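Please arrange chain B on chain A, whose structure you already have, making use of the hints.
From first to last, the protein sequence lines are chains A and B.
Read in the numbering used here, the first sequence has 281 at position 39, and its numbers run on one by one without any break.
Read in the numbering used here, the second sequence has 299 at position 57, and its numbers run on one by one without any break.
The hints are simulated quantities; they were obtained by calculation from the structure and are not laboratory data.
Hints may contain errors.
Repeated chains share a single entry, so a pair holds when one copy, or any two copies, can fit it.
As the list claims (entries may be wrong) - Capping the alpha-carbon separation at 30 Å, the derived lysine-lysine pairs in DSBU-like fashion look like this:
id, residue 1, residue 2
1, 377, 311
2, 437, 377
3, 311, 438
4, 311, 407
5, 475, 427
6, 475, 352
7, 437, 475
No experiment lies behind these values; they were computed from the predicted model shown.
Residues per chain, in single letters:
Number of protein chains: 2
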Amino acid sequence: MTVDICLSPVLYPHYQQENDLVVVADIFRATTTMCTAFNNGAAAIIPVADIEEARRYRAEGYLVGAERKTRRVEFADFGNSPFEYRPEIVAGREIVFTTTNGTRAIEAAKDCDRLLIGAFSNIDVVADACFSSGKRVVVLCAGWNGRVNLEDTLFGGALLERLSKRDEVVFGSDAARIALELWGKANRSPLDYLKKSDHYSRLTASGVEGDAAYCLQQNTAPVLPCYNRENGKLTLLR
Amino acid sequence: MTVDICLSPVLYPHYQQENDLVVVADIFRATTTMCTAFNNGAAAIIPVADIEEARRYRAEGYLVGAERKTRRVEFADFGNSPFEYRPEIVAGREIVFTTTNGTRAIEAAKDCDRLLIGAFSNIDVVADACFSSGKRVVVLCAGWNGRVNLEDTLFGGALLERLSKRDEVVFGSDAARIALELWGKANRSPLDYLKKSDHYSRLTASGVEGDAAYCLQQNTAPVLPCYNRENGKLTLLR
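Just chain A, with the same shape it has in the complex (with noise of 0.2 Å):
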């Protein structure tokens, strides 16, 4: 199989192929509080690129996360920490989610052939997803304000390794290796490594370290989340 990382949604159209199936990644925090999300029994969620659109819906009587700079955005009803998305509050709904860079993510890959939401808390079960498509895999990182961040880049790099395992993998561009690289540095404490990134002294500064150590920890939310073109939500494969 082909594999292949983006690492920016800047970058997606000079990585964007027919049929590619993409495995969006925004591990602090957005893709990991989605797959909490549906593990606590969330329905549905629909992500939204801009904070009007959130609010529009919050008035019609959805739940909202929305997260700016890693604050909840005051209307909102979640920020992007995963513990907010208890299961008596999100089960059964359908939540609108909009993210500095997660849901930028998604809207930049939307139109490919299958479009996953990935994260340490369901590594095993994209994984095995990306095994079975038969398709060229693309992790699409959402990095920071179109910048390349650390923490996606390896949970790419965990995503190849795991797929290597398994298959013949053929690398799409040099990016692949860079991730998988740095995946073999950081396997053995990704949180101390991940301790000198930006990201993680931004949830320092906002009093969510917390959220760091539960985001890097694998296959707590064994869910799989897809995008439905046609309506624009996400919902679980399984």
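Below, chain B without anything else, positioned relative to chain A:
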């Protein structure tokens, strides 16, 4: 000093800040070749983004280096191999130059405060210039058709390592950490490390793998080419 690395020209708008010093790097082979041409006596290099513009210069009597997809364009005097730019041909001449990625990277950053051409060939003089400038330094990797590549990333890591040995360095973003980490893995034998890269395979397929070894040698052409916004030419600062 603050340093950062931008892994593709496509991402440059997301890294750009006022007063930046930008070091453009296209290790295989454009910026290496430019350093060689200057070291062999070229008076100036005029980077142009498209083939037709290069053809018009050729009709006016300029020497032209033009490469697409690792091969010389038919009407050109040179391709993109540093070995072609011999002293007896280039000394005292102005050379028009267009390559797949390198000249596009220059185009992307040409409005920055100071644009230098960097390669392993001139890494120490570039490090000196960065250090004494007092400016924020951004290494701009030419990449490959918008995508990230390994050799330019490694050069970025090598330059940041040099700067961090001379001064307290603040990283502008995680990309700087990524590049430095990779250089730490590759620095004992960059050529062996790069044998698994995409572009090494392309060079080998074109029969010019000898170029790759040359492009990784350090300080073979200790010149300091700088872009002049007024006339669109690269000339030597020293």
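Verification of the supplied hints:
1. 377 to 311: Result: close only across copies, 27 Å inter versus 34 Å intra.
2. 437 to 377: between (34 Å within a copy, 27 Å between copies)
3. 311 to 438: within (18 Å within a copy, 38 Å between copies)
4. 311 to 407: Answer is neither: 37 Å inside a copy and 33 Å across each miss the 30 Å cutoff.
5. 475 to 427: neither (36 Å within a copy, 42 Å between copies)
6. 475 to 352: Answer is within: at 11 Å inside a copy they meet the 30 Å cutoff, but 42 Å across does not.
7. 437 to 475: Answer is neither: 34 Å inside a copy and 43 Å across each miss the 30 Å cutoff.
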